[in-house]
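K.L.:
The lines below spell out each chain.
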Amino acid sequence: MFENAGSRLKAWLVAGIGTAAALALAGVLGAFGAKHEPMQLLAPTGRIETGQWLLRPLRAYTAEGENLYSAPLKPGAKALVFEVEMTNRTAKSSKDYFDILQASQATVDPSSKPFIVLTRDSTLSPELHPGMPERMAYIWELPGGSAPPASLDLRVIGKTYKQRDNLYGLPGWFNPAPVGTLTLPVGAGSDTANIQP
Amino acid sequence: MMRKTANIVLLLVAVAFCYGLQLSKPHYGDLIGPIPTRGRTGETIVGRNFEARAEKVVFARNLKADRYGETKILTTGGVWAVVTVEFAARAQSTSVAVASWRGPTGLAYDQTERMSFADGLLPVTIDPGLPKKARLVFELRPDEVSNAILLISEKLMSALDSQAEISLGPVATASDSLPAGTVDTLDLTQPM
Numbered sequence: 342m343f344e345n346a347g348s349r350l351k352a353w354l355v356a357g358i359g360t361a362a363a364l365a366l367a368g369v370l371g372a373f374g375a376k377h378e379p380m381q382l383l384a385p386t387g388r389i390e391t392g393q394w395l396l397r398p399l400r401a402y403t404a405e406g407e408n409l410y411s412a413p414l415k416p417g418a419k420a421l422v423f424e425v426e427m428t429n430r431t432a433k434s435s436k437d438y439f440d441i442l443q444a445s446q447a448t449v450d451p452s453s454k455p456f457i458v459l460t461r462d463s464t465l466s467p468e469l470h471p472g473m474p475e476r477m478a479y480i481w482e483l484p485g486g487s488a489p490p491a492s493l494d495l496r497v498i499g500k501t502y503k504q505r506d507n508l509y510g511l512p513g514w515f516n517p518a519p520v521g522t523l524t525l526p527v528g529a530g531s532d533t534a535n536i537q538p
Numbered sequence: 027m028m029r030k031t032a033n034i035v036l037l038l039v040a041v042a043f044c045y046g047l048q049l050s051k052p053h054y055g056d057l058i059g060p061i062p063t064r065g066r067t068g069e070t071i072v073g074r075n076f077e078a079r080a081e082k083v084v085f086a087r088n089l090k091a092d093r094y095g096e097t098k099i100l101t102t103g104g105v106w107a108v109v110t111v112e113f114a115a116r117a118q119s120t121s122v123a124v125a126s127w128r129g130p131t132g133l134a135y136d137q138t139e140r141m142s143f144a145d146g147l148l149p150v151t152i153d154p155g156l157p158k159k160a161r162l163v164f165e166l167r168p169d170e171v172s173n174a175i176l177l178i179s180e181k182l183m184s185a186l187d188s189q190a191e192i193s194l195g196p197v198a199t200a201s202d203s204l205p206a207g208t209v210d211t212l213d214l215t216q217p218m
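Protein chains in written order, with our numbering: chain H, 342 to 538; chain F, 27 to 218.
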C-alpha cells in the first residue's frame, strides 16, 4: 500500500494540475464571459438588424378585435398590435419571422402566438421578398379582463447564416439568439401616431 | 529512422490529398440539387414529368382579382410580373406547384402568397395530351426585372428532379424606373 503512495500522490497532482489548466484555458478563451452579458437596449426610433430582417418599429397600440386587419381574433377580445416595417435582407423570399419578436410575459400570455398580417391587404403571414420593405402588424390577443399595458417590451431574436448546416449540408439560418430588447409606448386605438416617419 | 520519416511524409501527403479533394469536389447540397433544363421564352422546355412554355410576361402596377365575388385591387411596393405559361404532362398526370423568379443579381422571388384565393395560378394539375395554361404572379423590385430566369419545378424539394429554367431576356426600363410597357392595372379575371 505504502509503496504506491508516491505514485498515487503523483496521479492526484497531475489530475489536479490538468483540471486547473483546462479551466484556466477555458476562462482565457471566454467560456465563462458570455453568460452574464446584459441584454442590449435597442432604440425604438431606428433600424434593427436581426440577420435575416431589417426592422423599423412604427407604433404599438391596443384595440378591440374588430377590423384589426381581418385577424381571426375571438369576438370582443382586446388585442395588442405592434406595427413594424420589415425588409428581407436575404437573397430568397422568406417567412421566417414568426419567432423574431417575443413579447414579455408581463404583457402577453407567453403561450399565445401572435397573428402576423401584411397591412397592405390583410394577408395572413405571406412570404416577404428580398429588398422590398413591407409594413407588418404583429397582433397578440390579450387575456380577457386585463388592463391594457402602458408599454410593450419586446425581445428581438436574430439568427446567423451557415453556408452548410451539419445535417443536410445546405445553406440556412440557424442558432436563434437574442439581439436586444425594445420598449415602446402603447397607445390606445388604431389612430395612434407612428413613432418614426 | 528512414522508415519513420517515410511514414510521416506519407501521412502529410494523405492529409494534403484529402484537403484537395474537400476543396475541389462538389458538396452534397450541389449533388442532390434539381437538374436544370434550360430554354428561353417561347420555347417548349421538356422536363422529366412536365413540359413548360412561357408565352409572355406582363408588368403591372396593380392587379385586379375577384375574391369571393368582390373585386380586389392588389397594390405593391415594387412591380407585379405576371407570366403566362402553358404546361403539359408527359407520360402521366402530375401537378406543378413551385415557381420562382431569379433576378440578374441572384435574388430569388417566390410566387406571391397574397393571391391564394384567385383562379388560374399554381399549383396546376396537368394530364397527358391536355395542355393547360397558368399564370405565375411575382412581386419584384424594379431592378430585378431584366435578364431574369424563371425556375419552375413540380414541388418544393425537387432534389434530383428536373427544373425548367427559362431565360426571360432583357427588359427596357421606362423613365419612371419601372419596366417599359408597365400597365396600370392588370385584370386577372380576364381569360388568359
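It is worth saying that the hints were derived from the structure and are not from the lab. Keep in mind the model is a prediction, meaning the values are calculated, not measured. Any given hint might turn out to be false.
DSS-like, lysine-lysine: derived pairs with alpha carbons at most 30 Å apart [stated by the list, open to error]:
id, chain 1, residue 1, chain 2, residue 2
1, H, K436, F, K181
2, F, K82, H, K351
3, H, K436, F, K30
4, F, K82, H, K503
5, F, K98, H, K454
6, F, K90, H, K503
7, F, K98, H, K503
8, F, K98, H, K433
9, H, K500, F, K51
10, F, K30, H, K433
11, F, K90, H, K436
12, F, K181, H, K503
13, H, K500, F, K181
14, F, K98, H, K415
15, H, K351, F, K159
16, F, K159, H, K436
17, H, K419, F, K98
18, F, K181, H, K454
19, H, K415, H, K351
K.L.:
Determine for every hint whether it applies to the structure shown.
P.N.:
Verification of the supplied hints:
With a CA separation close to 18 Å, the supplied pair H:K436 and F:K181 stays within the 30 Å bound. For the hint linking F:K82 to H:K351, the alpha-carbon distance of about 83 Å lies beyond 30 Å, and the restraint is violated. For a cut-off of 30 Å, the pair hint linking H:K436 to F:K30 is broken: about 58 Å separates their Cα positions. Between the alpha carbons of F:K82 and H:K503 the distance comes to roughly 37 Å, so the proposed pair goes past 30 Å and is violated.
At roughly 29 Å between alpha-carbon atoms, F:K98 and H:K454 fall within 30 Å of each other, so this suggested pair holds. A C-alpha spacing of about 40 Å is found between F:K90 and H:K503, which places the hinted pair above 30 Å, so the restraint is violated. This hinted pair does not check out: F:K98 and H:K503 have alpha carbons roughly 40 Å apart, beyond 30 Å. Only pairs whose Cα atoms come within 30 Å are accepted, and F:K98 paired with H:K433 is accepted, the gap being roughly 27 Å.
Among the hinted pairs, H:K500 with F:K51 is consistent with the structure: their alpha-carbon atoms are about 29 Å apart, no more than 30 Å. Of the pairs offered as hints, the one joining F:K30 and H:K433 is violated, with about 54 Å between alpha carbons and a cut-off of 30 Å exceeded. A distance of roughly 25 Å separates the Cα atoms of F:K90 and H:K436; the hinted pair therefore holds under the 30 Å criterion. About 24 Å separates the Cα atoms of F:K181 and H:K503, which keeps this hinted pair within 30 Å; it holds.
Of the pairs offered as hints, the one joining H:K500 and F:K181 holds, with about 27 Å between alpha carbons and a cut-off of 30 Å not exceeded. Taking the CA atoms of F:K98 and H:K415, the gap is about 26 Å. The hint holds against a cut of 30 Å. Between the alpha carbons of H:K351 and F:K159 the distance comes to roughly 83 Å, so the proposed pair goes past 30 Å and is violated. Using a Cα cut-off of 30 Å, the hinted pair F:K159 and H:K436 holds, with the two alpha carbons roughly 28 Å apart.
Our distance criterion of 30 Å between C-alpha atoms is met by H:K419 and F:K98, whose separation comes to about 28 Å. Taking the CA atoms of F:K181 and H:K454, the gap is about 29 Å. The hint holds against a cut of 30 Å. Restraint check for H:K415 and H:K351: the C-alpha separation of about 72 Å exceeds 30 Å, so the hint is violated.
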